[in-house]
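So the protein sequences, as listed, match chains A and B. The opening residue of the first sequence carries number 1 in this note's numbering; numbering runs sequentially from there. The opening residue of the second sequence carries number 1001 in this note's numbering; numbering runs sequentially from there.
Simulated from the structure, these hints should not be mistaken for laboratory data. A portion of the hints provided could be inaccurate.
[To be verified] What follows is a list of derived Cβ distance ranges for each label pair:
1) N1348/B x K121/A: 46 to 52 Å
2) G1036/B x T47/A: 34 to 40 Å
3) A129/A x Y1328/B: 51 to 57 Å
4) T47/A x V1291/B: 26 to 32 Å
5) V1291/B x A129/A: 22 to 28 Å
6) K1175/B x K27/A: 25 to 31 Å
7) M112/A x T1090/B: 28 to 34 Å
8) K27/A x E1037/B: 47 to 53 Å
9) K121/A x L1040/B: 51 to 57 Å
Glycine residues also receive a C-beta, built at the ideal position from the N, C-alpha and C atoms.
What follows is each chain in one-letter form.
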Amino acid sequence: MRGLINYFSGMFNGIISLLKGMGVTGKYFFTSPVTIVTQQYPENRKTLEMFDAFKGEVTMPHDENNEHKCTACSICQINCPNGSIEIVSRDVVNDEGKKRKELDKHLYNIGMCSFCGLCIKTCPSNALAWGQEFEHSMFTRDKFVKTLNNEGSKLMQKKGVE
Amino acid sequence: MAEIIQDIQEQEYIINMGPQHPSTHGVLRLVLSLRGETVLSVQPHCGYIHRGIEKMCERLTYQQIIHLTDRLDYLSAHINNHAVCMAVETALGIEIPERVKYIRTIMDELARIASHQLWWCSFGMDLGALTAFFYGLRDREPILDIFEESTGGRLIQSYYTPGGLMKDIHPDFQKRVKDYIIYFRKKIGEYDQLLSGNVIMNQRTQGIGKLTKEEAISFGVTGPSGRGSGFECDVRKHRPYGMYGKVEFKEILRSEGDAFARYMVRMDEMRESLNIIEQLIDNIPAGDFTVKMKPVIKLPEGEYYQRVEAARGEFGVFISSKGEKYPYRIKLRSPNFSNLSALHTMANGQKIADLVAIGASLDYVIPDIDR
């Protein structure tokens, strides 16, 4: 007799517990969602905004005169754990006869980048910054190597103290 | 015919579960020996996602190691980084600012909640409750947004660095976290309604995968899995680091040692994590977010060990330094590897379907096992 009672009470409690769970799903079925969690991604491409801190890719900001801040010191190349940065520089002799390096190409291989941010953090002249671009897929691997400095860009001259 | 049936009932049958099985959550290969449906032995075979992180660390500076420890247990990336950073800081004898300690502790607890949420998702999914998967991910999304706003990464953040943080938190950080605590307090009741009291889930987990306290200690099963067996192993409580010494929280313990106990420990831990964050979030002191460090960190010669409580158990970092800028040797004590070693004891004599429930309750992350 006790076994029979246990059998039915177990069944009854089981159904109650299932109904409780169904209550949660039912509530969401009948009340429209307040916020949509998922992104309607390909459709909202034009309005999609990432957070400011978002680590999309490493970029080198240029000003309106096509000038950047990179002094070709190679500190980002040394600090990169994966070897995804290669700096090609040339030696230039200025008017006073001093030799110094000038940036030729800042090669950045995004296929090897692990987005740790050490290059940007350690750059002494703040020449690098995070970009917001995140659609990185390419058809061939060699397109992952990007030249960060623009064609014909120059080093930004430091403004003298007035 | 009768002979064949008898043969099948008596013979041992060897079967591979994984490396591409949905319930192994990654590339873990379990070689099962079965008699009928009963599991006689489980032999985990590791190495499918071995990347040699410990060896790679020997050619990296201490700042660069951070981006690799992110990729061990990717669900508690912040907590792993915390261990490496603290090991380096204690070796150098640096006192880090209070602000850093507060932020690190809050971030650790947020990571723990997010990790347990994803575990809850996959736990439900492994037992056939797909709805749980969506609800868990829905509540995990705001945490990832909080991470992304302040750190720039959603899953892999690389936010801590020896001496402090990579950058300061976003001005909205406190407000967002406080909103989230209120939001999640409401939603966690739904979790209990949906899955904790569910009769199917209860019958599939209660009394399944028993592990006694002695076995848990001898296998080194730590974290929620160990505490489900009554093993007091919370590093936050017994060896406080960060701000854990100054906040009040309970160490969740259960004595049953079955899959359901491990489930309930994690559910209660999420509530405790909310309590910890609530005590800290209003009091973040102003100050620097990092200590001025030398560009090249050289640890003094010696051996250093630091342990933290990751989402799945005790995570330890052992650094042996010869006074160079690279570590001579790094050994990482990952919680999942020890937890996995107890799988045979738990699953022995159970049915093959219970093995899925046991695996789900252990919550293993394969890249942490293989390193």
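Hint by hint, here is what the structure shows:
1. Restraint check, N1348/B to K121/A: a C-beta distance of roughly 50 Å satisfies the suggested window 46 to 52 Å.
2. Remark: the range hint 34 to 40 Å for G1036/B to T47/A is contradicted by a beta-carbon distance near 58 Å.
3. Here the CB-CB span from A129/A to Y1328/B is close to 36 Å, at odds with the stated 51 to 57 Å.
4. A hinted range of 26 to 32 Å for the beta carbons of T47/A and V1291/B is inconsistent with their spacing of about 41 Å.
5. Separation of V1291/B from A129/A is about 24 Å and conforms to the stated range, judged on CB atoms against 22 to 28 Å.
6. Hint check: K1175/B to K27/A, Cβ distance near 28 Å, so the stated range 25 to 31 Å holds.
7. Separated by about 32 Å at the C-beta atoms, M112/A and T1090/B satisfy the suggested range of 28 to 34 Å.
8. The hint said 47 to 53 Å for the Cβ distance between K27/A and E1037/B, and at roughly 38 Å that hint is violated.
9. At roughly 54 Å, the beta carbons of K121/A and L1040/B sit within the given window of 51 to 57 Å.
The structure does not agree with the numbered hints 2, 3, 4, 8 stated previously, though it agrees with the rest.
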